[in-house]
Amino acid sequence: MNHPNKTTSLSTNTIYDRPANILCQLNKIIECASKTTFYKDKLQGIGHISSISDIVSIPSTPIDILRTRSLVDMVTNPSKVQWITGRLLGQTSRNIPVVEGSKETSRRYDIFRDALRDTLPIVDIRNAIVLTDPIRRNFAAEIGTIMGYIGIQSHVFVNDGSMLPYDRINQLNPDILVIASDEIDESLLPKQIRLAITFRRSHSLSHIPQLDIYMVDEFGFLGHTTNLKRWVVYNDQYLFEISSSGKLIVTSLLNYVQPLLRINTDDTVIERTKYHIALGKLSE
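First residue of the sequence shown: 10, per our numbering; consecutive thereafter.
The hints are simulated quantities; they were obtained by calculation from the structure and are not laboratory data.
Virtual Cβ for every residue (Gly too), placed ideally from N, Cα, C.
Hints may contain errors.
Stated by the list, open to error - Below, computed lysine-lysine pairings styled on DSS-like, alpha-carbon distance capped at 27 Å:
no., residue 1, residue 2
1, K256, K51
2, K256, K283
3, K112, K44
4, K290, K256
5, K37, K49
6, K37, K51
7, K290, K238
8, K44, K89
9, K37, K112
Unchecked claim - Ranges between beta-carbon positions, derived for each pair:
no., residue 1, residue 2, range
10, V65, G157, 40 to 50 Å
11, G255, N179, 34 to 44 Å
12, D133, N179, 19 to 29 Å
13, D133, D169, 26 to 36 Å
14, V65, T282, 33 to 43 Å
Assemble the whole structure, with the sequences as input and the hints as a guide.
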């Protein structure tokens with residue numbers, strides 16, 4: 010498959026509007042979901058909805074419940090599976106694998122590219138380094154693959170607690186540092202780094218411009234920010250709802266291989282506008 014300074018301001022080049030045919034897309038997802046063992050019971054005979062607001066007639070699924078399910082219960086057609094994604098949480102036997110077809114993978118890679126392009130001119134980027142904890146090796150490797158897809162040379166280094174990763178980072182002096190490690194000493198990083206990419210508000214950096222990508226493993230990339238206050242959300246890819254308790258509920262509009270319909274992420278939203286969300290407490 011073809012795989013596809015701190016005052017950095019967020020570009021407005023990309024507008025993530027809801028698609029005009031969102032109701033058709035939702036009904037297609039419902040149709041796909043009805044072909045899976047898991048959703049067949051949960052839908053209780055619902056084959057389509059007449060308006061977007063009718064989506065609430067379908068019970069939401071807590072993400073912790075989703076992660077305990079068998080993959081075979083969640084996939085519409087096993088022959089369409091072409092890729093198993095790397096998880097930010099790490100690959101463990103406790104969590105359901107996240108699988109995609111080629112279209113889903115290419116779309117996810119393009120989302121990452123667009124978030125980066127809205128922050129830095131990609132043509133000016135020479136190279137990148139991904140610094141990862143051992144448990145996130147697969148996730149880091151995939152981020153490196155996405156960088157290659159974009160046309161950026163990258164290296165993946167494991168943060169083993171020694172000075173070696175920092176020595177390598179300083180030797181290569183990358184334009185971009187992707188941080189997939191829980192521990193980072195910003196004082197040991199080159200001051201010439203133009204952008205650090207983090208995930209799920211894992212770090213707040215003091216001296217390096219930062220792009221934080223809000224993601225949930227099962228969905229992929231859901232939004233991004235450069236100020237850690239308000240995340241641009243991808244309305245063209247997902248339907249976002251807020252539960253009565255303030256939790257973010259997400260439906261993927263375009264994943265037909267492993268449908269994700271009204272998943273309660275257990276992440277708290279404290280404010281929501283047409284194009285942005287402000288995040289509160291995030292689930293572990």
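Now for the hints, and whether the structure bears them out:
no. : hint                       : in the structure
1   : K256 with K51              : holds, 20 Å
2   : K256 with K283             : holds, 17 Å
3   : K112 with K44              : holds, 19 Å
4   : K290 with K256             : holds, 10 Å
5   : K37 with K49               : holds, 14 Å
6   : K37 with K51               : holds, 16 Å
7   : K290 with K238             : holds, 12 Å
8   : K44 with K89               : holds, 14 Å
9   : K37 with K112              : holds, 16 Å
10  : V65 with G157: 40 to 50 Å  : holds, 41 Å
11  : G255 with N179: 34 to 44 Å : holds, 43 Å
12  : D133 with N179: 19 to 29 Å : holds, 21 Å
13  : D133 with D169: 26 to 36 Å : holds, 31 Å
14  : V65 with T282: 33 to 43 Å  : violated, 21 Å
Of the numbered hints listed earlier, the single one contradicted by the structure is hint 14.
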